[in-house]
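**Student:** Chains as they are written, first to last, in my numbering: chain A, 1 to 751; chain B, 1001 to 1148.
Please keep in mind that the hints were generated in silico from the structure rather than gathered at the bench. Keep in mind that a hint or two might mislead.
Here are some chain A residues pointing at chain B (derived, C-beta under 10 Å) [what the hints assert, rightly or not]:
1) L525
2) S527
3) Y530
Listed below are the simulated DSBU-like cross-link pairs for lysine-lysine, each with C-alpha atoms no more than 35 Å apart in a straight line [as the list claims (entries may be wrong)]:
4) B/K1121 - A/K659
5) A/K561 - B/K1121
6) A/K613 - B/K1121
7) A/K495 - A/K341
8) B/K1128 - A/K78
9) A/K662 - A/K689
10) A/K341 - A/K273
11) B/K1128 - A/K613
12) B/K1026 - A/K696
13) B/K1128 - A/K640
14) A/K640 - B/K1121
15) B/K1026 - A/K561
16) A/K640 - A/K659
17) A/K613 - A/K652
18) B/K1026 - A/K613
19) A/K652 - B/K1037
20) A/K734 - A/K689
Backbone N, C-alpha and C fix where the C-beta goes; we use that ideal spot for every residue, glycine too.
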Amino acid sequence: MNVDLSSCDREQVHLVGAIQPHGVLLVLEEPALRIVQASNNSADFLGIPCELLVGQCLDGLLGGENTAAIRTQLVTKKLISAFTHLISVPFLLHRDGVVHISGNRIDGLLLLEFERTSGNVQMIPAYEYSSRLQDMIQQLHGGAGLLSFLTIAVEQLRIVTGFERVMIYRFDRDGSGEVIAESKDAALEAYFGLHYPASDVPEPARRLFALSPLRHLPDVDYVPVPLFPDQSPLIDGRPVDLSHSFLRSVSEMYTGYLRNMGAKATLVMPLLKSDKLWGLISCMHHSEPKYLVYEQRFPIELLSRMLSLRIGDLENLDQYAYRTQLDQVYSQLIGEMGWAKNHQEALFGNKINLLSGIDADGAALLEAGKVTLLGITPTEYQVGLLAEWLVQQEAGVLATHYLPYDYPAAEDFSAVASGLLAIRLSRTSLTWVMWFRREVLSETHWAGDPNKPVIINSKGKECRLQPRSSFALWKETVRGHSHPWLDCEIDYVSKLRQSLLDILVERSCQLVRLNTELELSNQALNSFVYASFHDLKEPLRGIHNYAELLQLEEDGHLSEKGHQRIETIIYLTDRMHHFLEALLQYSHISNIEQDFQTCSINRLVEDIVDLVKMTNPNDCITFDIQPDMPVMMCNQTGVKVIFQNLIMNAIKYNSEAVKTIKIGCYIINDCPVFFVQDNGIGISSVFHKYIFQPFKRLHGHKEFGGGSGIGLAITQKAITRQGGRIWIESEEGKGTKFCFTLGPEFTGIRD
Amino acid sequence: MKKMRPLMIVEDSDEDFEVICWALQKTGFTRPVIRSKRAEEALSRLFPEFLKVDGVEPLPCLVLLDLNLPGMNGLQMLEELRQIKQSLSIPIVVMSTSNNPLDIAACYSFGAAGYIIKPFKLDQYIEKVRELMHYWFNTVILPEIERD
Chain A
1 MNVDLSSCDR
11 EQVHLVGAIQ
21 PHGVLLVLEE
31 PALRIVQASN
41 NSADFLGIPC
51 ELLVGQCLDG
61 LLGGENTAAI
71 RTQLVTKKLI
81 SAFTHLISVP
91 FLLHRDGVVH
101 ISGNRIDGLL
111 LLEFERTSGN
121 VQMIPAYEYS
131 SRLQDMIQQL
141 HGGAGLLSFL
151 TIAVEQLRIV
161 TGFERVMIYR
171 FDRDGSGEVI
181 AESKDAALEA
191 YFGLHYPASD
201 VPEPARRLFA
211 LSPLRHLPDV
221 DYVPVPLFPD
231 QSPLIDGRPV
241 DLSHSFLRSV
251 SEMYTGYLRN
261 MGAKATLVMP
271 LLKSDKLWGL
281 ISCMHHSEPK
291 YLVYEQRFPI
301 ELLSRMLSLR
311 IGDLENLDQY
321 AYRTQLDQVY
331 SQLIGEMGWA
341 KNHQEALFGN
351 KINLLSGIDA
361 DGAALLEAGK
371 VTLLGITPTE
381 YQVGLLAEWL
391 VQQEAGVLAT
401 HYLPYDYPAA
411 EDFSAVASGL
421 LAIRLSRTSL
431 TWVMWFRREV
441 LSETHWAGDP
451 NKPVIINSKG
461 KECRLQPRSS
471 FALWKETVRG
481 HSHPWLDCEI
491 DYVSKLRQSL
501 LDILVERSCQ
511 LVRLNTELEL
521 SNQALNSFVY
531 ASFHDLKEPL
541 RGIHNYAELL
551 QLEEDGHLSE
561 KGHQRIETII
571 YLTDRMHHFL
581 EALLQYSHIS
591 NIEQDFQTCS
601 INRLVEDIVD
611 LVKMTNPNDC
621 ITFDIQPDMP
631 VMMCNQTGVK
641 VIFQNLIMNA
651 IKYNSEAVKT
661 IKIGCYIIND
671 CPVFFVQDNG
681 IGISSVFHKY
691 IFQPFKRLHG
701 HKEFGGGSGI
711 GLAITQKAIT
721 RQGGRIWIES
731 EEGKGTKFCF
741 TLGPEFTGIR
751 D
Chain B
1001 MKKMRPLMIV
1011 EDSDEDFEVI
1021 CWALQKTGFT
1031 RPVIRSKRAE
1041 EALSRLFPEF
1051 LKVDGVEPLP
1061 CLVLLDLNLP
1071 GMNGLQMLEE
1081 LRQIKQSLSI
1091 PIVVMSTSNN
1101 PLDIAACYSF
1111 GAAGYIIKPF
1121 KLDQYIEKVR
1131 ELMHYWFNTV
1141 ILPEIERD
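Looking at chain B on its own, in the form it has when it is part of the complex (with noise of 0.2 Å):
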């Protein structure tokens, strides 16, 4: 049976993880989710081979990826990943408090896969995990091959 591959979630914030994995819930989201709190720790799990960490987990479909991190920040992580030769496949979508214009555009040119302004309300929350979901789960294929 194949596997599925997981969404992770780049997030240092307890109540906002909680919150985005409530939200998933109501939205109905069944897929494993796994959790980094550091951006450097995503990093060690999105390239095992290329930062010496043996691969034991599964490689993410889907990465949410929180700006306002300890040590490497999201936007430095972005930057990181595309300094990496070898391309990733999988996309990253950022979502944070800031709605500077300054840092949106930052992160679509290292190449954000998409950009989500944290709401205010959970109606909102709901509303926002919702339409992303439907559109990278049941509108976009994304690769499920699993590594063997």
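This is chain A alone, in the form it adopts within the complex (with noise of 0.2 Å):
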């Protein structure tokens, strides 16, 4: 048989059918108030066996006038929910002392309880016990906070009842609880801050606390009396609903529970926040049985309903000044957002950052593949794994506290990090931002194992629960839980993440505009470097062809310096141009369009090639190309003119007989590397650094077919295009080799 913890939960304490011996219970007929059930020990109170009562009417029990003042109460009173008082009257047996009369219908029936008053209990004047009310209301008021407030609540009932333990327990939201107020004799055993399992305060239990104001045990060892005669009286059987009574008696689960911890009477009274029970008053006596009378037990049932109603305007003002206190947090690190460079300078601030505010004991941040970390937190290896298992998760905003449940990975790391709240800042990219907390029952006080089976009574075959035959402290290891999120934490980060949204798509906006006026100036300035060109090269021409014009048709007139002179003006003008075109060329490198293909580079070299030569029929010049250079993905227009510019390069700076030019390819760290070697007159390591430089030349102009020394300029940004980069191994005399790649390195090792 599967018996777990929740078994408990079936006893049905509410129907047993007896009562505590400190009172009486009638169960009677309306209208005619005839008794139709009595508690076994009627004699006692009421001087009548309880066989003799069943089938009296109640005025042969109290006499016409006290039954009239009842049915009096009957009309006005509803008697649904709780125990009402109806009449006091004196103690029938002795005229010793006051009986108590209350009332409550349930399924068409009255209940009648009548408590006694013994002349001889010890009452506190009435005037000394509001000035004791009055106090206590006074000390409440210094609280500050719920745990302050319940603190001196706690002291102030232990005066006012003279119990010698009361304590606050506080459910948490699945029903485990932890005392979280106590004050006590110095003598006992301190429970403040114990943890208890669920089943300690059975779902039926709970739910009856939240329906009694109060319940008092005047002795765990009383004797329950049970119900004459034993069979109900409605129609079907069923026994009678005592789930209202004062004196129903308890169970045995509940007793026994008690013993174990040494206590001879209790008094508990529920906390009710917004109807819902909130938590609970327990008092306990550990020397002897203690009853509380009527008169006593009034004004503490009042308070403890005071004390409910602060609740929850104290744990609100609680929650309010912590959800202050994150607005403020807020509001800085949105302002450091404002002119920070990025997520990362603005959230992890040396004065205001991720943490800050906020009860957390970790937070990250996980941007671009970097992993931020802040405070108590896994590794960013970790970090970067739950970012993966994050992106699986639909929502913009998760919360857990038990997150090796939801993500099992989380193991490792459940000590560190067992509560996990994660707001996603881009869907595309993997941006998150995280806060953890630390796996808070890890060292937690649980009054009982809740993970040690419960005993099943050897008897009993339809498990019937024994309670905890120990109440040893067990140090119980709750793995993977941390204290839940709040709502407040999860509106702050909501609001959090809403805000860095809105800036990103401000910056994104920000973004396109600046691009598009870039690509507008762009434009002009290409329009621009054209027309200046143009306006240079009108005038240039001019001149050009009017000196042309004086050799081709003055030249008789022109004595031998003035033909010189008019050469030189062509030589000259002639230089400028080139200047000009290669300027021009140069400014065009950036306006070849990016768009990249696959390309096969040997095929692009051997086009060139063959223009060289075609171009070049007066030179001697040896090719020797590898054949199996790689297919790239490149633009073609730009390697074009690296190949070009190099080749021309190769064959100008070259006074050897034979030129040879030899092109290939060798792999650096899976990265292809062309070169373009040759025989020619090589380039000092002096110069090596400056000679992609524009306009840069090592030589006269009228030296080596007098270039402009724009063509490596031009081919070293042509590269940088490509993703590149282009280098030299050369030395004077032996020939230059340009090497350069076509795209980036990987400079590290890759995955």
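Make one complex out of these two single chains by using the hints.
**Tutor:** Pasting the structure below:
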């Protein structure tokens, strides 16, 4: 049989059909007020055995006057929830003390409870009682926050009730509880801070506690008093429901439990928040049974109700203060975002950061594959994996206080992060902000081990549960749970997320705007460059044309010197023209459209070589082209410019009779490196760093065909546009080898 | 006797005009040449009735158009011509210093019949003009009917 702790919940405490001995219960039929059932102890209180009472009418027992008074009350009062006090009459047997009669209706029956306050009970005078209460209320006003308020409350309650121990017990969402305030006799063992499994106050008991404003067990070792007759007066044979009864007998499990704790008497009052059971005020007496009579209980009951009313307020106030604090942090963080360059700078400042204000142990930002950590967190690697899991979750905001149950890999770091609060800042790129909470119950005091099976009664086949045989303190490791995230915390991070997203959108709009502006200004610059070249070239061409005209038409009139000077004008304007063309070409490299396509480097090089051979028919050039160069994703126009310039360069700066040009490729770190090598004049290493500068020439204008000095600058620019780089391996007189890549290289080890 | 229709050159620069004429002469070009220094003036000559100018001059059979002109530039003139409903049967060849691909594409899209980048050297100049004239006057048949 599968027996777990929830089996306890089946015990039907309210249908026991018995009461405690400190009062008498009568069950009556209306309107005749005929007694149909009576507790077996009626003789002790009323002087009439229950056998004789059953069948009688109430006026026979109480007399006409008292019965009439009760009838009046019955007309005006509904008596459907708790027992309500009807009348108090002098004690019937000895005229000593008073009997208090209260009533309640259930299932069409009237239940009357008789409770005696004997004359020798030491009553605190009313004036003193009220002054004590006033004092208590005064004290309670001094409490700042819920916990200090409750601490004062238990102190005061112990004074007022005289119980040796008063504690306040708060339920968690799962029904388990914790002692959050305690006032006790110095000799007693402290229960403060203990956690109780949900089964210690099972669901039926919790429901009954919520119904009764006060439960009192004057003597744990009482003998239950059955009702007579034991057949139910109800037609369907159900036992009479004693849920609201003050005298109702309690669960054996409860008394057993109390015995384990060494308690002799208890008084329990519910603390309700918005009509829901929030916690309990539990008073215990350990040295002897303790009975509080009606008059003594009444003000305490009022007090517990007053506490209930304050709890909601105080808890809200605590949350309100926390919420206000989070609001302030929120404003500050968003303020930081205003000027920070990125999330990391804004959210991880020294003064204000992700951990400011919020009750979390660690925080993390994952952006563009980079993890930034703060406080107590899992490792960067673990956070990275966690983010990958988060991506599969649809929510933009995720809160859990038992992460290892949602994400089993979190077992490895549950001690530091059993609680996770995460916000997603981008769907496409992996951007998350996370807060972590430690495993809170890793070292918690449990009042009994909830994992230890309860003992089943050896005789009982229907799973009657025995109370704990021991109340020893168990240290229980509840793995994988943190304190749950509060609504205001979730609200805070949601708000933060929204604002961060808004800022992102704002920034990307700005970027689009800037890009558009940049594009326009690029276009304008481009037209400007063309227009200026045009304007510079026009007069230059005029000079050149006129000089040529002079030379052609007026040759006969010119002296030898004049002839030379005309030659010089033509030469200089030619140079100027080349210079302008080169400059235009250089500025054009940036305008080559960045469309990347697959391109066979071999075919591209062969095309260029064909062209070069055609344009340099007088040179004797040997090309040695490696046949297996790769096919690359690249910008064909750009790559053409690169090879063209390097090959032209190799031919130009070469005085050998046979010019040898070797073109090939080798691989370094998975990246192809191309080279163009010649047997030309070479370049001294002194100049290696200058040769890629525009218009940097190493030779005179009339040497080596008089280039403009822009070729290598254009080459380098074209390579940079491809994402690659160029370098030179050369020595003067030993030829030159230009090496280059057409894309980024991987410097690290790739996985 | 049928009068030969002239070649129109729209060119503001005297130097360039002189060099073109020199090159034409070198190639043995014999037709009359009329010159407009501004695009507006050229338009009025091409469309005398439209622009309410008395048509006393003969219409050109070919126009060489510079782009960089004061006032309305060559490109604007081409655009203007395109907007005039009456179609122009006279081919217009652009001669410019500009080698800006955008300029070249724009000229063709506005109906230019050709585009020549003004050469830097005179021998190239003569070569270009020779090719051009050979094409338009010896290869294709241009309208020769004179207005009455």
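**Student:** Name the hints, by number, that the structure is in violation of.
**Tutor:** Of the numbered hints, 1, 8, 10, 12, 19 do not hold.
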